[in-house]
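Undergrad: Turn these sequences into a full structure, and let the hints guide you.
There are 2 protein chains.
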Amino acid sequence: MNSFKISLAQFSPHIGNIEANVQKMIEQANAAKQQNADIIVFPELSTLGYPAEDLLLRPSLSKRTAAAFEQLAAVKDIVLVFGFVNQAEDGHRYNSAAVMKDGQVLGIYNKQNLPNYSVFDEKRYFTEGHQHLVFEYLGHKFGVLICEDVWTLESVQQLAQLNVESILVLNASPYEVGKPQHRIVTLKELAKQLNISIVYANQVGGQDDLIFDGTSFVINNSGELALEAPSFKEDVYTVEYDIQNKAYKKVESASALDTMAEIYQALVMATRDYVQRSGFPGVILGLSGGIDSALTLAIAVDAIGADKVQAVMMPYTYTSQISVEDATEQAKRMGITFGIAEIHPIVNSFMQTLAPFFGNSPADATEENLQARSRGTLLMGLSNKFGNLVLSTGNKSELSVGYCTLYGDMVGGFAVLKDVYKTIVFELAKYRNSLEEIPVIPERVITRPPSAELRPDQKDQDSLPAYDVLDAILYAYIEEDLSQDDIITKGFDQAVVEKVIKLVDRNEYKRRQGCIGPRISSRAFSRERRYPIVNGWKPGV
Amino acid sequence: MNSFKISLAQFSPHIGNIEANVQKMIEQANAAKQQNADIIVFPELSTLGYPAEDLLLRPSLSKRTAAAFEQLAAVKDIVLVFGFVNQAEDGHRYNSAAVMKDGQVLGIYNKQNLPNYSVFDEKRYFTEGHQHLVFEYLGHKFGVLICEDVWTLESVQQLAQLNVESILVLNASPYEVGKPQHRIVTLKELAKQLNISIVYANQVGGQDDLIFDGTSFVINNSGELALEAPSFKEDVYTVEYDIQNKAYKKVESASALDTMAEIYQALVMATRDYVQRSGFPGVILGLSGGIDSALTLAIAVDAIGADKVQAVMMPYTYTSQISVEDATEQAKRMGITFGIAEIHPIVNSFMQTLAPFFGNSPADATEENLQARSRGTLLMGLSNKFGNLVLSTGNKSELSVGYCTLYGDMVGGFAVLKDVYKTIVFELAKYRNSLEEIPVIPERVITRPPSAELRPDQKDQDSLPAYDVLDAILYAYIEEDLSQDDIITKGFDQAVVEKVIKLVDRNEYKRRQGCIGPRISSRAFSRERRYPIVNGWKPGV
Numbered sequence: 001m002n003s004f005k006i007s008l009a010q011f012s013p014h015i016g017n018i019e020a021n022v023q024k025m026i027e028q029a030n031a032a033k034q035q036n037a038d039i040i041v042f043p044e045l046s047t048l049g050y051p052a053e054d055l056l057l058r059p060s061l062s063k064r065t066a067a068a069f070e071q072l073a074a075v076k077d078i079v080l081v082f083g084f085v086n087q088a089e090d091g092h093r094y095n096s097a098a099v100m101k102d103g104q105v106l107g108i109y110n111k112q113n114l115p116n117y118s119v120f121d122e123k124r125y126f127t128e129g130h131q132h133l134v135f136e137y138l139g140h141k142f143g144v145l146i147c148e149d150v151w152t153l154e155s156v157q158q159l160a161q162l163n164v165e166s167i168l169v170l171n172a173s174p175y176e177v178g179k180p181q182h183r184i185v186t187l188k189e190l191a192k193q194l195n196i197s198i199v200y201a202n203q204v205g206g207q208d209d210l211i212f213d214g215t216s217f218v219i220n221n222s223g224e225l226a227l228e229a230p231s232f233k234e235d236v237y238t239v240e241y242d243i244q245n246k247a248y249k250k251v252e253s254a255s256a257l258d259t260m261a262e263i264y265q266a267l268v269m270a271t272r273d274y275v276q277r278s279g280f281p282g283v284i285l286g287l288s289g290g291i292d293s294a295l296t297l298a299i300a301v302d303a304i305g306a307d308k309v310q311a312v313m314m315p316y317t318y319t320s321q322i323s324v325e326d327a328t329e330q331a332k333r334m335g336i337t338f339g340i341a342e343i344h345p346i347v348n349s350f351m352q353t354l355a356p357f358f359g360n361s362p363a364d365a366t367e368e369n370l371q372a373r374s375r376g377t378l379l380m381g382l383s384n385k386f387g388n389l390v391l392s393t394g395n396k397s398e399l400s401v402g403y404c405t406l407y408g409d410m411v412g413g414f415a416v417l418k419d420v421y422k423t424i425v426f427e428l429a430k431y432r433n434s435l436e437e438i439p440v441i442p443e444r445v446i447t448r449p450p451s452a453e454l455r456p457d458q459k460d461q462d463s464l465p466a467y468d469v470l471d472a473i474l475y476a477y478i479e480e481d482l483s484q485d486d487i488i489t490k491g492f493d494q495a496v497v498e499k500v501i502k503l504v505d506r507n508e509y510k511r512r513q514g515c516i517g518p519r520i521s522s523r524a525f526s527r528e529r530r531y532p533i534v535n536g537w538k539p540g541v
Numbered sequence: 001m002n003s004f005k006i007s008l009a010q011f012s013p014h015i016g017n018i019e020a021n022v023q024k025m026i027e028q029a030n031a032a033k034q035q036n037a038d039i040i041v042f043p044e045l046s047t048l049g050y051p052a053e054d055l056l057l058r059p060s061l062s063k064r065t066a067a068a069f070e071q072l073a074a075v076k077d078i079v080l081v082f083g084f085v086n087q088a089e090d091g092h093r094y095n096s097a098a099v100m101k102d103g104q105v106l107g108i109y110n111k112q113n114l115p116n117y118s119v120f121d122e123k124r125y126f127t128e129g130h131q132h133l134v135f136e137y138l139g140h141k142f143g144v145l146i147c148e149d150v151w152t153l154e155s156v157q158q159l160a161q162l163n164v165e166s167i168l169v170l171n172a173s174p175y176e177v178g179k180p181q182h183r184i185v186t187l188k189e190l191a192k193q194l195n196i197s198i199v200y201a202n203q204v205g206g207q208d209d210l211i212f213d214g215t216s217f218v219i220n221n222s223g224e225l226a227l228e229a230p231s232f233k234e235d236v237y238t239v240e241y242d243i244q245n246k247a248y249k250k251v252e253s254a255s256a257l258d259t260m261a262e263i264y265q266a267l268v269m270a271t272r273d274y275v276q277r278s279g280f281p282g283v284i285l286g287l288s289g290g291i292d293s294a295l296t297l298a299i300a301v302d303a304i305g306a307d308k309v310q311a312v313m314m315p316y317t318y319t320s321q322i323s324v325e326d327a328t329e330q331a332k333r334m335g336i337t338f339g340i341a342e343i344h345p346i347v348n349s350f351m352q353t354l355a356p357f358f359g360n361s362p363a364d365a366t367e368e369n370l371q372a373r374s375r376g377t378l379l380m381g382l383s384n385k386f387g388n389l390v391l392s393t394g395n396k397s398e399l400s401v402g403y404c405t406l407y408g409d410m411v412g413g414f415a416v417l418k419d420v421y422k423t424i425v426f427e428l429a430k431y432r433n434s435l436e437e438i439p440v441i442p443e444r445v446i447t448r449p450p451s452a453e454l455r456p457d458q459k460d461q462d463s464l465p466a467y468d469v470l471d472a473i474l475y476a477y478i479e480e481d482l483s484q485d486d487i488i489t490k491g492f493d494q495a496v497v498e499k500v501i502k503l504v505d506r507n508e509y510k511r512r513q514g515c516i517g518p519r520i521s522s523r524a525f526s527r528e529r530r531y532p533i534v535n536g537w538k539p540g541v
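As given, the protein sequences belong to chains A and L, one line each in that order. If you're matching positions, the first sequence starts at 1 in full-length UniProt numbering and goes up one per residue. If you're matching positions, the second sequence starts at 1 in full-length UniProt numbering and goes up one per residue.
Since the hints were made in silico from the structure, they are not lab data. Be aware that a few hints might be false.
What the hints assert, rightly or not - When the alpha-carbon atoms are kept at most 30 Å apart in a straight line, the in silico BS3-like pairs for lysine-lysine are as follows: (1) L:Lys-538 / A:Lys-76; (2) A:Lys-385 / L:Lys-101; (3) A:Lys-538 / L:Lys-538.
As the list claims (entries may be wrong) - Covered by chain A, according to a simulated footprint, are these stretches of chain L (three or more residues, beta-carbon under 8 Å): (4) 58 to 66; (5) 237 to 244; (6) 348 to 360; (7) 368 to 380; (8) 407 to 416.
Even for Gly, the Cβ is constructed at its ideal location relative to N, Cα and C.
TA: Structure representation (structure tokens):
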């Protein structure tokens with residue numbers, strides 16, 4: 001024997017649906033066998049999917065997992081390395097990997113390093129393992145690790161000391177901007193340093209607010225990359241190990257994505273998976289003539305196809321003619337179902353009903369919110385009647401400072417741009433336009449000054465700092481955890497910083513009621529940034 | 001010296017507001033000194049408040065905590081035992097207690113047992129301590145524990161083996177029905193068994209969805225209760241230790257609350273704290289003539305006073321005359337601001353605008369939702385204009401099965417009955433009525449069959465099983481984690497169980513966008529029951 005082959009199952013589970021997942025795992029194992037693979041490595045917790053949250057606490061999970069083992073036992077002539085929930089006889093629950101050959105379990109590994117920070121809550125569910133799993137097969141010495149383990153130097157060093165040649169790593173590593181390449185760069189260094197090869201199989205697909213990019217890879221002990229699977233694509237990828245040369249042979253791989261392409265594809269996959277796995281026939285959104293809804297529309301069309309996308313323009317007194325023109329134009333270019341619904345009669349009926357209560361109170365944001373809520377209710381009416389999911393179109397800059405209306409433009413089941421700052425929204429729109437000769441988003445949508453069009457001649461920049469300034473402050477406060485004083489020291493205007501931080505702090509209640517949306521940053525709201533609503537923390541140091 | 005005195009600070013912190021908390025701690029220490037106390041024991045993490053969530057990760061926390069120590073150091077002639085976040089020199093963060101006398105720190109204890117289940121996420125923030133703190137003072141041997149520690153037999157046993165006479169326990173133990181007495185009964189047993197006295201100081205007050213009931217107590221090593229502080233009341237309570245008799249002298253205590261009184265007062269306190277600490281001038285709610293809004297109104301009035309409560313009745317075609325009568329009558333009895341706003345013109349304007357889109361589609365829940373959303377938008381308009389917080393009125397039974405309209409009756413910042421099953425709503429209404437000669441909730445509101453009045457002659461029981469059956473199934477599924485098969489085996493109708501579970505599962509997206517509301521059960525939605533929205537788990541076993 002001169003070589004053996006390992007397949008990486010870049011697998012997209014349906015969380016909780018163990019039967020369907022196992023079925024697909026068997027299909028992937030058969031695909032690997034077609035490629036003459038000797039071993040196939042699946043992602044972390046592949047039978048159940050990651051993160052299953054409190055489904056992990058359901059009493060029948062172990063029974064269901066046992067059934068999964070029985071089905072997988074029928075796969076012959078290939079070694080399966082897969083993730084599962086190990087409800088062990090010692091009464092503890094482990095995040096585990098099984099090595100199975102022809103129905104025999106050759107070994108079980110319990111994850112030793114349980115992340116419990118950022119988006120992770122593994123200590124809520126699992127007990128830490130304390131033993132390595134090393135096995136020899138095909139004359140080669142393998143070790144098994146699960147996700148966080150490979151980022152824990154001690155765990156990898158221990159395998160190196162046991163003379164392991166290749167580590168099989170099962171992962172469910174969530175995406176954030178730049179992370180696919182960051183993983184590879186970091187582990188190349190480690191592989192070289194410890195003289196150990198790394199076979200890294202990652203989950204792919206969107207799950208609620210989390211995106212798993214896949215981008216599985218194989219790194220030789222020289223630090224050379226042998227395989228890099230494409231991001232955001234479910235498939236089986238195979239490498240061959242040359243026993244003589246003691247190295248995995250280099251496989252021609254797609255080149256890494258540019259940042260905007262990477263984010264764009266991440267959002268497309270997240271949207272597709274949310275819509276399809278929730279069983280919606282299509283989506284609907286409000287198209288305003290502004291850039292957020294324009295970009296959301298483009299992503300929706302790329303995710304599920306123009307025939308499944310409906311957009312509605314809902315003009316009012318303050319809607320400019322060019323907004324209507326641009327929205328109509330984009331809808332035409334993208335070939336989606338499009339309609340216009342004036343909201344004057346609705347807003348007027350609200351105003352009339354409220355008049356006796358309002359008396360002579362001067363107009364304020366209340367009247368603006370009525371417009372937004374009239375639109376939200378219309379969208380929900382169309383959604384309820386025909387079953388399409390409402391996509392919410394707000395961006396992270398807006399949501400951070402509460403520049404959005406609860407039950408108005410915030411309605412929807414999935415907020416595509418929830419974790420995308422406005423400055424990135426512009427970049428993504430330009431990126432999408434660069435892909436085709438006739439840009440799908442009319443140029444004017446990108447170049448005109450952003451406006452919510454909720455009062456005459458309104459511009460976002462009347463109430464907010466310029467978006468490049470706003471986003472820089474938000475990034476410093478949210479992603480970098482800098483204090484108000486730190487940010488002012490960086491050179492930003494004191495009054496502006498104080499205003500922005502105050503808005504971020506006091507709008508927690510609003511964000512808490514917003515729908516989920518895909519995480520692409522290093523600190524997304526909700527799962528990752530858990531702040532109390534009633535919160536007396538004073539800004540400052 | 002024949003005796004010494006210990007005060008229990010039943011303290012209600014403002015989460016994150018360390019300055020204000022320390023100020024109040026100093027006031028409580030002074031009150032204790034007035035009562036000639038030698039020691040005062042504060043709750044867990046008293047300087048910051050519990051749970052502070054990701055505020056614990058803010059870099060300046062240690063600086064702020066140091067300032068708190070400086071201020072507390074000025075308190076003389078009483079020993080302070082208080083909770084704080086210990087950013088230790090070893091780089092770890094601990095959930096800790098300090099023993100301070102005349103500005104000197106005599107000892108620090110790091111919590112050894114960190115709960116990371118149910119509503120708790122302490123392993124996200126803290127490292128476990130590994131050492132006991134025992135000190136002699138006033139000729140008495142004290143040990144210190146923090147909350148979960150006292151429920152960990154080993155920790156208490158170790159203190160008993162060290163001949164500790166009294167354990168000072170700092171707590172932030174969240175309320176659930178029956179828990180105040182459950183704690184006492186359990187620890188009486190333990191105190192007697194291990195021959196150790198327990199001085200238990202608990203946080204009081206509402207914090208977002210969590211209620212801390214206080215109900216601090218002192219148990220002698222004989223198992224006898226020496227002091228039981230009232231639930232839901234912030235104050236300082238003092239006991240005297242008789243050195244000769246080696247026992248805390250019995251203090252006359254209020255008797256324990258009946259279940260409905262306990263729940264009612266819990267909801268009142270939670271509502272008051274949310275409204276006041278968020279800085280709202282008052283509240284507004286939609287009064288429908290039904291029991292949920294009637295009870296919510298009564299709780300609101302008891303929480304913040306009739307002068308700060310506004311209610312609006314928003315009738316439509318299907319609203320019965322008796323609903324209008326009953327709502328008006330209750331508003332009058334309670335002396336609140338009350339108005340009526342017909343929603344016909346609004347619903348009609350929505351229907352007309354949607355007509356070209358709907359074509360000949362038959363009427364369905366869409367039209368019902370338009371009514372609910374018209375009402376929601378009116379309430380939000382009144383809230384935006386005058387600043388009152390909208391209280392949402394839905395109950396746990398409804399929210400469980402999605403029998404409620406997102407952006408409609410679900411609007412609001414605080415859902416008072418969110419964790420209260422409908423059968424308990426009835427009991428609470430009867431309880432509240434029993435307190436006064438003229439019941440505040442008109443009798444008919446309690447006795448007539450519940451209806452959402454969204455279509456002609458609609459009754460809740462047209463689409464749902466009877467509430468006693470529904471609630472029993474929900475309790476089994478949500479609180480007891482029983483499977484569909486288990487519940488059917490208990491004797492419930494198979495089709496009904498299947499329908500209920502399907503509704504619970506598929507309405508996770510709706511609950512996720514609902515506002516927070518006080519937790520009173522052993523498994524509340526959101527913080528405690530964390531389910532994925534996209535979820536392929538099949539009911540059954």
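Undergrad: Please go over all the hints and tell whether each is borne out by the structure.
TA: Results for each hint:
{"no.": "1", "hint": "L:Lys-538 / A:Lys-76", "verdict": "holds, 28 Å"}
{"no.": "2", "hint": "A:Lys-385 / L:Lys-101", "verdict": "violated, 68 Å"}
{"no.": "3", "hint": "A:Lys-538 / L:Lys-538", "verdict": "violated, 46 Å"}
{"no.": "4", "hint": "58 to 66", "verdict": "holds (count 5)"}
{"no.": "5", "hint": "237 to 244", "verdict": "violated (count 0)"}
{"no.": "6", "hint": "348 to 360", "verdict": "holds (count 9)"}
{"no.": "7", "hint": "368 to 380", "verdict": "holds (count 8)"}
{"no.": "8", "hint": "407 to 416", "verdict": "holds (count 3)"}
Violation of the numbered hints given earlier is confined to hints 2, 3 and 5; the remaining hints are satisfied by the structure.
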